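Protein sequences, first through last, are from chains A and B.
Each residue of the first sequence is one higher than the one before, starting from 106 at the first, in our numbering.
Each residue of the second sequence is one higher than the one before, starting from 143 at the first, in our numbering.
If you are wondering where the hints come from, they were derived from the structure by calculation, not from laboratory data.
A portion of the hints provided could be inaccurate.
Said to hold, decoys possible - Simulated crosslink set (PhoX-like; lysine-lysine; CA at most 25 Å straight-line):
id, chain 1, residue 1, chain 2, residue 2
1, B, Lys-191, A, Lys-209
2, B, Lys-161, B, Lys-191
3, B, Lys-196, A, Lys-165
4, A, Lys-237, B, Lys-151
5, B, Lys-153, A, Lys-277
6, A, Lys-165, B, Lys-194
7, B, Lys-153, B, Lys-194
8, B, Lys-196, A, Lys-209
9, B, Lys-161, B, Lys-205
10, A, Lys-209, B, Lys-166
11, A, Lys-165, A, Lys-209
12, B, Lys-205, A, Lys-245
13, B, Lys-205, A, Lys-165
None of the values given here were measured: they were computed from a predicted structure.
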Amino acid sequence: MELTKEQEQAREAFKVFVNEHVAPHADAFDREQRIPEELIMLIAQTGYFGLIVPEQYGGKAGDMITYGLLCEEMGRGSASLLSLITVHGMVAQAILRWGSSAVKERWLRKLAAGEVIGAFALTEPNVGSDAKSVETIAVKKDGEFVLNGTKRWTSFGQRADLFLIIAQCEGKPTAFLLKKDTPGLSLEPIKDTFGFRAAMMAELTMNNCHITEDNLVGRIGFGVTHVATHALDYGRYTVGWGCVGLGRACLEASLSYTAQRVQFGTYLRKHQLIQHMITDMIVSVTAARLLCLNAGYLKDAGDPRTGMETSIAKYFASTMVVKAALDTVQIHGANGISNDYPVQRYLRDAKVMEIIEGSSQMQQIIIARYGYQEYL
Amino acid sequence: MTLDEIKAKVKPFLFKYIKKPDLKDDEDFFASKLINSLFAMQLVMFIEKEFKIKVEDNDLQIKNFNSIDSISALVTGKLGTQGG
């Protein structure tokens, strides 16, 4: 697949941005467990938060391939930062797809500009993959909804201004927007996670949070089937591309290290067992990129197959990047487990990719069912 | 576009996902759990792409999507207001 001239130019700009502002500092982000506010503001000023938001809401109306290229570069620099692009985009896309005209007018321009940062709050202490069973409750009362419950592992929950909350309303999963300054909402930072340490995760507790009716996204009962499914599809797409970028980081680190390190009187790159690992990395990163390009192409075409192809891309890319990161650490030997090299971070972040936006096991269930539909 | 023409486009899509050849036009396939978690959005995208119409938030009612008859009625109504 060939990129257009505009996509090539965009990719180069993303690469320069990440090389300058992200990659050299990503280990520090990881240690300090936060993304600096100045970087978030810089991303906002550069227009990356509004890359695929329509022009009528202040976005750049970019295509999904270009968006994927941004995610690839962000994933190469910092998986935690990629996570910001992911969750912010999920909220914007959910509103764009299923928000009322008033909700779109109220939030999309601010989200596109990065004036407001969004976060997606589905997972709870007792509920992960079984999304329809969320325990957060929304009760309709006197022209308002009253939210009670707890959300956990919310990426950028420490920083977000606006949350997309999935809650049970009238016994059915439903999507709501909840502002950070809503009385009754409290946030507890989650620290020292295995990977995605700078993703500023938080636990959200809603204690009688009153929101007006116009904070409903979609309709009562459609919070998972339509709103969350749509948001997660975008999330998986960004994660798939982010894995391609992280895979590239693994490959580039491995190529560099093996070209300089000498053992048994010759460079590591000359050893065939090392070449085996390098070859697997090149092939798997290339394959993952092609799957992501395919998913992006189908998204731009509005093709209903894109959801499944995105699941396939995310599943493959996240699986491959764990293997690539394991091999990268192996190639680096003892240096690979030290803080002197970023590859231990790559491995920790890679593992998270298999869990977020639908675990590998959920993707396997979905893809297997698809197989029986498509090929039987 | 007539109702029969709409149904003729809807049925091949549905039967790709719903392995029930004797599915009746008024049969609720959502209630019968014949579909997977991605299907609801696939159906929305199919309707929009095939009939060049926009499904909006106020269309989100299960009665618009749960049978061949209901989907065809939704499309008919939208073609009347949005063209296509």
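Hint-by-hint comparison with the structure:
no. : hint                  : in the structure
1   : B:Lys-191 x A:Lys-209 : holds, 22 Å
2   : B:Lys-161 x B:Lys-191 : holds, 23 Å
3   : B:Lys-196 x A:Lys-165 : holds, 21 Å
4   : A:Lys-237 x B:Lys-151 : violated, 31 Å
5   : B:Lys-153 x A:Lys-277 : violated, 28 Å
6   : A:Lys-165 x B:Lys-194 : holds, 23 Å
7   : B:Lys-153 x B:Lys-194 : holds, 17 Å
8   : B:Lys-196 x A:Lys-209 : holds, 16 Å
9   : B:Lys-161 x B:Lys-205 : holds, 21 Å
10  : A:Lys-209 x B:Lys-166 : violated, 38 Å
11  : A:Lys-165 x A:Lys-209 : holds, 16 Å
12  : B:Lys-205 x A:Lys-245 : holds, 22 Å
13  : B:Lys-205 x A:Lys-165 : violated, 36 Å
Hints 4, 5, 10 and 13 from the list above are not met by this structure, while the remaining hints are.
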